[in-house]
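The numbering of the sequence shown is this note's numbering, which starts it at 1 and goes up by one.
Keep in mind that the hints were calculated from the coordinates and are not lab data.
Just so you know, not all the hints are guaranteed correct.
[As the list claims (entries may be wrong)] Per label pair, the in silico range of CB-to-CB distance:
#1 Thr135 with Pro108: 18 to 24 Å
#2 Ile76 with Arg172: 26 to 32 Å
#3 Leu168 with Pro27: 27 to 33 Å
#4 His149 with Asn170: 20 to 26 Å
#5 Pro155 with Asp5: 19 to 25 Å
#6 Arg86 with Asp124: 35 to 41 Å
#7 Asp164 with Pro108: 21 to 27 Å
#8 Arg62 with Ile96: 20 to 26 Å
Virtual Cβ for every residue (Gly too), placed ideally from N, Cα, C.
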Amino acid sequence: MTLNDWWSERAEEKYWMVAPPKGNLGPALMAPRHGGDHQRLEWTHEIVSLVEPGDTVFVWDRSAAQPGITGWSRAIGPRSVELRPRTVRGRESAPIAQWVMPVSDTLPLAHPIDLAALRKIGSDIVTLRDELAATAQGPLYFPFIGGAHTLAPAPGYTMKFPRDLFALLNARYGFDFAL
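Start from the sequences and build out the full structure, keeping to the hints where you can.
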């Protein structure tokens, strides 16, 4: 199975969303690399392999008082595959191959965009998603699931954040990047 990189011919598609477990991105996007036939492909991990230096990565903070898009970072690269131990239930496992994409420090948004704000424009987000799905010929890896009033972040680590979604949220709420 390969990823559906529907955006590959669109230079303006340079946005992603990551939902780290504790709301902190750290120095790099890191995700297990698909190891072949004996491992299940987790697109939410493998998609890290498609993030390019210069891309913008929005951070969804599940642990915030009002979960939402709270910050952003820039992929700085270079992307690599490294053997790193994983911690599972407090115990370190044998090293596994992981995608590693270094990123800049995560900077807070001046005005985070929480779930309530997203649901206010849920019908616009769902329409955008459905229109994109009609042309993408495969999975979108879209950052939000559900209907207009039940919109929720997609479960997973990394999702594609379409340029049109960026434009919609920027027009409605403004991405005031705090520097």
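**Request:** May I ask which of the numbered hints given earlier this structure violates, with the numbers listed in increasing order?
**Result:** 1
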